[in-house]
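Engineer: One line per chain: the protein sequences are A and B, in this order.
To convert, note that position 132 of the first sequence is 132 in the numbering used here; the numbers rise steadily by one, no gaps.
To convert, note that position 239 of the second sequence is 239 in the numbering used here; the numbers rise steadily by one, no gaps.
Don't read these hints as lab results, they were simulated from the structure.
Among these hints, one or two may not hold up.
With a straight-line cut-off of 27 Å between C-alpha atoms, the simulated DSS-like cross-links for lysine-lysine are [what the hints assert, rightly or not]: (1) B:K244 x B:K486; (2) B:K244 x B:K501; (3) B:K275 x A:K49; (4) A:K49 x A:K112; (5) A:K56 x B:K229; (6) A:K56 x A:K90; (7) A:K145 x B:K372; (8) A:K112 x B:K275.
Label-pair restraints from in silico Cβ distances [as the list claims (entries may be wrong)]: (9) B:I58 x A:G163: 41 to 47 Å; (10) B:P418 x A:F18: 47 to 53 Å; (11) B:V314 x A:N75: 38 to 44 Å.
Beta carbons are placed, not taken as given, at the ideal position from N, Cα and C, and that holds for glycine.
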Amino acid sequence: MALLAGAFGAVGAAIAAFPLINSLNPAKDTLAMASVEVDISDIPAGAAKTVMWRGKPVFIRHRTPEQIESAEDVNLQNLIDKQTDEERVKKPEWLVVVGVCTHLGCVPQGQKESDNHGEFGGWFCSCHGSQYDTSGRIRKGPAPKNLAVPPYQFLSDTKIKIG
Amino acid sequence: MASGEREPFQNTVVEWIDSRMPIFTMLQKEYGVFPAPKNFNYFWNFGAIAMFMLATMIATGIVLAMHYTANTHMAFDSVERIMRDVNGGWLIRYIHMNGASFFFIAVYIHIFRGMYYGSYKKPRELLWILGALIFLLMMATAFMGYVLPWGQMSLWGATVITGFFTAIPYVGESIQTLLLGGFSVENPTLTRFFALHYLLPFVIFAVVFLHIWALHVTGSNNPLGIDTKGPQDTLPFHPYYTVKDTFGLLVFLMIYCVFIFFMPDILGHPDNYTKANPLVTPAHIVPEWYFLPFYAILRAITFNMNLYFIVGLVFLFVLIVEFIWRKKPVYLSASAGWAMLVIGGFLILTGFTGDSCQRIDPKWLDENGGFKGLCGALQSLPGMSAAAAPISAKLGGVLAMFGSVAMLFVLPWLDTHPVRSARYRPLYKLFFLLLVVMFLVLGYVGSQPADASLLGIPLIYLGLAGTGYYFGYFLVLLPLLSRFEKTKPLPESIHQAVLSKQIKVEAKI
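With these hints in hand, go ahead and build the complete structure from the sequences.
Structural biologist: And the structure:
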């Protein structure tokens, strides 16, 4: 009897606590998933642009033929998170990835020419030393996954919509 | 009620209150005549100093909260306003900012003192655990407070620390979203951190109360680590230790004031005077100095733990429990133990090498055919790929970091040597001082960029060595010493030890 009463009390307390905890989850305005349209005509080959999407930076990189080649010419065996370059792009010269290190969420360096690009010519996360290649794949360091590819589509040759 | 045993006070007002609620009797008992060992050294000041710092932080914090605005658009400017426009606001903020550092200095010395003199041992285990809990709460409070000024380090520190939770398999991302109230550190994060930063110091205060309650049940430890045996071993707390604590506190406050008035920003990071920018991570992101050793432990695990590695570790752990923790092995014979050691070591080596192969530069492998063959063979083993590793490098780092704090909580059961004070344990003293050095080395490693090196050696190896020693100290060295260490003879009593020291000094004169 005491056990039953205790169990009922515990369930009641849990139900009462739920709205309090749930209120800490993202509010509706935060959830409203905005999509962004980006003009990519002003990004010359070899350069990159950063845009905000859902409060996170998205890297849009116009890759040079050498960068595409180095991204495609990789033995899958050597990858931590095995993905071909093809699976990660819609058009080989455009790489679109979420610019958040999959380790602990820093924004990796490598968007500017003068930045540290790491050993693999892509991005280098200065927080804990993760290194990404020209396809945004993790090659070295503590990050477990490749930079995420957000949902996006080409509206025209010079415009993409992220989200 | 206890009021029956009460001695009446002379002052009529005090007596009026005390006869209704014997608070003065309680104070008199716990802080007046309370018997404390008479051989305390200055390391015993730091509990009182930490208490003072807590009170300082709460007092300045409440005033600061009256001027601060918890909103991402206004937080940074409201802090600047405190610094420039609020009357004496700069002083209050500098007291609060540096107060966090000095609170941690006092608490670190307090903790290391407890470890050196064996204050965590029976019967003070619960007292020690409450202290470890205070330390944990302090870490949470300090972290959330650092987010409030909404500078670059605030934002990115919060991003990295809440990122720890994404290491948890399956539910990690949802937990992080729940903590942040969004998908990145944003306004909902700031407002809840402010609320908690205001709340937690009072929780700390409550646990400090329990900590002192437990202390006053068991009584204080002392530099000799032996129990008090009677009135000849003790002094009344007042005036002897109230005066000694006040003196130590004043010296401490003088140093604290040097920082407040002459180098208020030296313990912080210039980046935090740049407003938070979610698009740019500072080139060199480091936590506050008091987190650096733990941060180094987090970063030390750069390899994935695949099945081979984990099974090897489990083997080693079983061996530690069976042959080191137990007085006599229960389940394993010596030969089975050796076999497990060899197999476990081999599995760890296999798992580690196999995982490392995935990180070695392929060009280097091409030039060194032998290694290429080895790596190829290891890679072809089932479950060797990084994706199949149950504990990723990220999760491994987070587990190691939380584990390093958890060690404090179980310390009373890892070191079961009957002698408390390191004064009579020469080996323990050596290994403990080495631990302090390693802790400082880890702090240095944590302060450096992830890819830094010292004298050509990458610092991650130094971090790994420090992490290894840290866990080895708690899990292997302490249990071993508990069983085998021969101690120096203990003095008869505190009184006798104090007296013989006095005689020696007089003889010299």
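Engineer: Enumerate the violated hints, using their earlier numbering and listing them in ascending order.
Structural biologist: 1, 5 and 11
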